[in-house]
Each structure stands twice: as C-alpha cells, then as structure tokens.
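Q: As you go down the protein sequences, you meet chains A and B in turn.
Under the numbering used here, the first sequence has 152 at position 152, and the numbering climbs by one with no breaks.
Under the numbering used here, the second sequence has 55 at position 55, and the numbering climbs by one with no breaks.
No lab work stands behind these hints, which were simulated from the structure alone.
Small disclaimer: the values here were computed from a predicted structure and weren't measured.
Heads up, a few of these hints could be off.
Cross-link-like lysine to any residue pairs, in silico, SDA-like; alpha carbons within 20 Å at most [as the list claims (entries may be wrong)]:
1. A:K35 to B:K86
2. A:K181 to A:L199
3. B:K86 to A:T173
4. B:K86 to B:A14
5. A:K181 to B:L59
6. A:K181 to B:A14
7. A:K35 to A:A191
8. B:K86 to A:T213
A partial selection of chain A residues facing chain B, derived with a Cβ cut-off under 10 Å [said to hold, decoys possible]:
9. D127
10. E129
11. M131
12. M168
13. G194
Computed footprint of chain A on chain B; a stretch qualifies when at least three of its residues, placed anywhere within it, have a C-beta under 8 Å from a C-beta of chain A [stated by the list, open to error]:
14. 13 to 25
15. 36 to 45
16. 67 to 75
Don't be surprised by glycine CBs; every beta carbon is placed ideally from N, CA and C.
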Amino acid sequence: MSDRYRAGNSEELIQRVGADHAIQILILEPLFEEKNRTRRLIAQMMRLLDGKAIGTALPDLPGTGESMINVDALEFADWLDAVQSVIEAVQPSVIASLRGGCLLDASVSPAPRWRFAPETGVRVVRDLERMRLTSGTDESVYGGHRLRQSFVEHIRSAPLQPNPRCRMVRLDTDVLEADLKVSGTPLWRRAEPGEDAALAKHLADDLALWSRTCAAS
Amino acid sequence: MTSQVQTIDTTVRAIMRDVLGLSVERADALTADSGLFGTLPELDSMAVAGLLTELEDRLGIIVDDDEVDGDLLETFGGLLRFVERKVAG
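Chain A on its own, in the form it takes in the complex:
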C-alpha cells in the first residue's frame, strides 16, 4: 500500500509493506544514482521482512522518486526536515539507513538505528564530483542531478551522527569496523546492478534480529 506525508509545501509518497505489523522499520535509501541501483535490494528486503511479520516504510524525499518537486529547488535541510516529518507519520520502531541515507538519520527520534555501508558526506560529494569530472557536464550538474552549490556543501559537511543504539553492518570487503560484516556485492557501484538475493537475506535477517532485540529491551 502507499501512504503520504507532508514535506514543506509538497506531499510525498511512502511505500509501505506490512503496515499492520507491530514492528515498523523506516528505511532511508542511498542518495542520488545509488538509490536507483539499490531499489531492488531494498524491495527484496521489504518482502523478506514482511514474511517475518515486520513492516517497512520507504519514503520518497522531495525531489526524488515520484516527487513533483525539482531537486535543484531544495536545500539539504529540506531533506532532513522531510525525514523528521516521515518519522512523525510512521512512528518507526527502528530507522534503517543505507549508504548516504545514513546522513539523514540525524533526527532526535529515540528509535534505534541500523546502518548499512554508511557513507560520509565528504565521500558522497567526492563521488558526485568525480561523475562531473569524468562526464564533463556543466558545473551544477552532478551525475545527471542539477544541485544547488549550497546543497552540495551541506552534504559535504553532514556528519554521521553518533547514536548510542546503532548497529553497524558493512560488506566484508570494507576495511572499516562494524558490528557485522556480510559477504555480498556492492550493487550501488554498478550501472546494471542485477541482484544479490543472498545479500538481501543477510541484511533482512540481521535487521529483523536487531528490531526484535530492541523491541524486547
């Protein structure tokens, strides 16, 4: 089913699977091109979680997905505000974020966090700038997205907010520390990502376990 929430002057879509379940997870997708490349992975995770009686909510941020807003009309703060509005609408038990989406979970919400392969703001922007460098497009177009310079600078300085109840999951090829390392393919790097059903299962299993552990404590 789909739901809507109000973000500033627009109404945006929330895709929900298993909205009747007691445990509800808000999912914050990777940013920009990586969002498209991980859509299938996230959809698979949502179905697997539904099978474990856990509901998921996947919002469009303003300027993304089905939104009628142009992203070049926005500041990064608009996305942070939109996430706060979704949190109020969904009242999630856990906030799960992937890649650059982890920069958006900085809300004061007490919901425990779950982060997969988080990206720092500096690295999100470096990727955007490299796409611009190698594709030779004009100054304000980053990998096909026209963005305000102030938006880009805000992402660059956006911190991964420390959180006392945060589970960190990374691919086993990542050299950084994590609570869990899983084997799998970095689908967000590929032009035609295909799928990695085993990775989707690993992630859904861990997210389900973490959600139940948090719900019980």
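Dock chain B against the given chain A, drawing on the hints supplied.
A: Relative to chain A, chain B alone:
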C-alpha cells in the same frame, strides 16, 4: 610476485568484477596490456567514479582528482602499477 603485489592484483580484479559486473573468467583473463577505458564497454564515466572509490575503500588509499587522467585507466597493468605506488605510499 610479492604477497602485497599479489593482494593488490587480487583486489583490483575483484573490484573489476564487482563494479563492472565482469565474469570471473573475464576478470581473470585481464593482462597488463588489456585496455580499460575506451576498450571495456562497461567502463563509462559513472563506473570510473565507482571504480576509484572502491579502490580507496578496499586498499585504504586516497586518489586525488588531478591523478585521474587518461593514462591511469588506459591499461590494466597501468592501473595496477598506479595502485602499487599508492599503497607503498
């Protein structure tokens, strides 16, 4: 090959598979003279960005923008030598 050179070779081939979707056979068959940018159709400008970032993540190096030029990705051997120099510091 020293063990560090071997590790770099293995890691770069794994990145070619993961980022470009090359089969194990095709990634294993790359030689020092194999052409990359302009030869591998999978390697477009977006893939270059992903390739460089994965190299940084998995090998703990930083690639500066001014080091990214045509030579860097001309051949597989050239890419390996660049990464070896980076890892050696």
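Q: Sort out which numbered hints this structure fails and list those numbers smallest first.
A: The structure conflicts with hints 1, 8, 12 and 16, although it agrees with all the remaining ones.
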